[in-house]
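Trainee: Those protein sequence lines, which keep their order, are chains A and B.
My numbering puts the first residue of the first sequence at 1, with every later residue one more than the last.
My numbering puts the first residue of the second sequence at 1, with every later residue one more than the last.
Just to be clear, a hint being listed does not mean it is correct.
Said to hold, decoys possible - Which bits of chain B does chain A cover? Going by a derived footprint, with three or more residues having C-beta under 8 Å, they are:
#, segment
1, 63 to 69
2, 131 to 138
Said to hold, decoys possible - In silico contact screen, one side only, chain B against chain A (beta carbon under 10 Å); selected entries:
#, residue
3, Glu157
4, Arg166
5, Lys181
6, His193
Hints in this document: simulated from the structure, not taken from any laboratory.
Keep in mind it's a predicted model, so treat the numbers as computed, not measured.
C-beta: ideal position from N, C-alpha, C; glycine also.
The chain contents come next:
Number of protein chains: 2
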Amino acid sequence: MAEIIDGAKIAADIFGELTARVDALKAKGVTPTLAAILVGDDPASAMYVRMKRRDARKKAGVESILHHMPERTEADDLQDIIDGLNADESVHGILLQIPIPKHLDEDHFLRRIDPAKDVDGLHPFNQGLLMQGRPRFVSATPAGVKEMLVRSGVPIEGQHVVVVGRSVLVGRPLSVLLSNKAENGNATVTLCHTRTQNLEQYTRSADILVVAAGVPKFIGAEHVSEGTVVVDVGTTVMPDGTYLGDVDFEPVSQKARAITPVPGGVGPMTRVMLIANTVQAAEAAAATA
Amino acid sequence: MAEIIDGAKIAADIFGELTARVDALKAKGVTPTLAAILVGDDPASAMYVRMKRRDARKKAGVESILHHMPERTEADDLQDIIDGLNADESVHGILLQIPIPKHLDEDHFLRRIDPAKDVDGLHPFNQGLLMQGRPRFVSATPAGVKEMLVRSGVPIEGQHVVVVGRSVLVGRPLSVLLSNKAENGNATVTLCHTRTQNLEQYTRSADILVVAAGVPKFIGAEHVSEGTVVVDVGTTVMPDGTYLGDVDFEPVSQKARAITPVPGGVGPMTRVMLIANTVQAAEAAAATA
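The shape of chain A in the complex, shown without the other chains (with noise of 0.2 Å):
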């Protein structure tokens, strides 16, 4: 029976170093601050971002301010406002919850934030530096994968890591992240997607298999080798409210070395990470302030 890898146990220990490196910063006079943009009214949306809020305020002191805009917001106007953040001193971190509304475009906003203050790593320069090997903001899943793996004690450097899903958000990230010639990097990667043929060939000879596929119960049993530590990122809402994993628990544990158990893995690592990025971003400007 696999061991079960405790994310959000993990995460309650990251949010404790946070508070301590906040409670430092405040001590220097500086607040670290999360400033959240919220265009329209998608439910969804406007959860996401008040958990991150309330993420930021109450488990690690991390301020937080909201802008939240019209459905009807016009170009000039969201463009102002991010710009009047990267002007900000007082803001370290910015968020721009995605999706926006249709008729704004979405890659030219996400651009627009200072890469300095991009904490969701969404920004093509930071994507470049992760590429060139010297990562500054990691999106929060593929840095909070890695963050659980290594605080598991799950080795990663020579090892085979064979990551399932290419999304910009998760698959590639991490497989650029887990092979970089880094600290709990040197991994042998290898980068599946829904033109791979015949999976089950490379997820077996897995020592580490990260599934960010987004479609329930995708990998069985017939796909893990004994000995494997599976990481399952998907979370498919079922419509009784339940969260499904990528991975078919049950018998996948049976098998697998360790596991991540959806809800409780992944979920609560990502979550840590945005702030985990934010407390970077106030740091790096409090040296250079």
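Position chain B relative to chain A; hints supplied.
Mentor: Here is chain B on its own, set in the frame of chain A:
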């Protein structure tokens, strides 16, 4: 015996196509122009710049200007040159020959180049675009490897590509390029490097093996399966002036399905793709003018 993939022939074909595109631009009053910046008197760097400028002019009709600056150039002066070229609408591509003298911050100046003129594809912004699956300028060597495969009729989609070497210039961007969701992409890519354990286990399972390790004769027959297509990016200049690839050509060519020679394989492709990027930049500038 493996088919020999003739990079020089393919590159010549592409130069012919580029010449037609350049003629079309000139007919519209646009002369594609590549500006090269050479700092100092390193003989190898001077030779590379000379070759690139000669390729541009003689093989494609691309205009080329040169800023040759002294070894002791000050940062402000280099910055002024780059800023001037960024602002000059008659210049479409800017090439800063690296390495530059140690007293100058290479990262800073590579990032100072307008990403829209970064025909070397080294700006983090452009590398980020590649990572997001919508590349603009891909560095010449990875772009050339892909183009050579496509024009040789080697299928990429769904194939297992193993890349050996994770350099910023070759291995890393190629691994992303070939696995992106795009025409002639969609490969399942494994990126191997110095920390990879049991390298043969990966290379022997490759449909396409690309070697960019920089170690002469690093890959022997034992690394290759029957039917593999082998692309040799390595070019080490030996004391007697001859070139050696990373692949031990004789034994590997007995076993592989197809193989690129050194010289005459990837080298000519690298040279033509820099010019292709410059023509692309000029076309983009002409389209928005």
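Trainee: Going through the numbered hints above, which ones does this structure break? Give me the numbers in ascending order.
Mentor: 1
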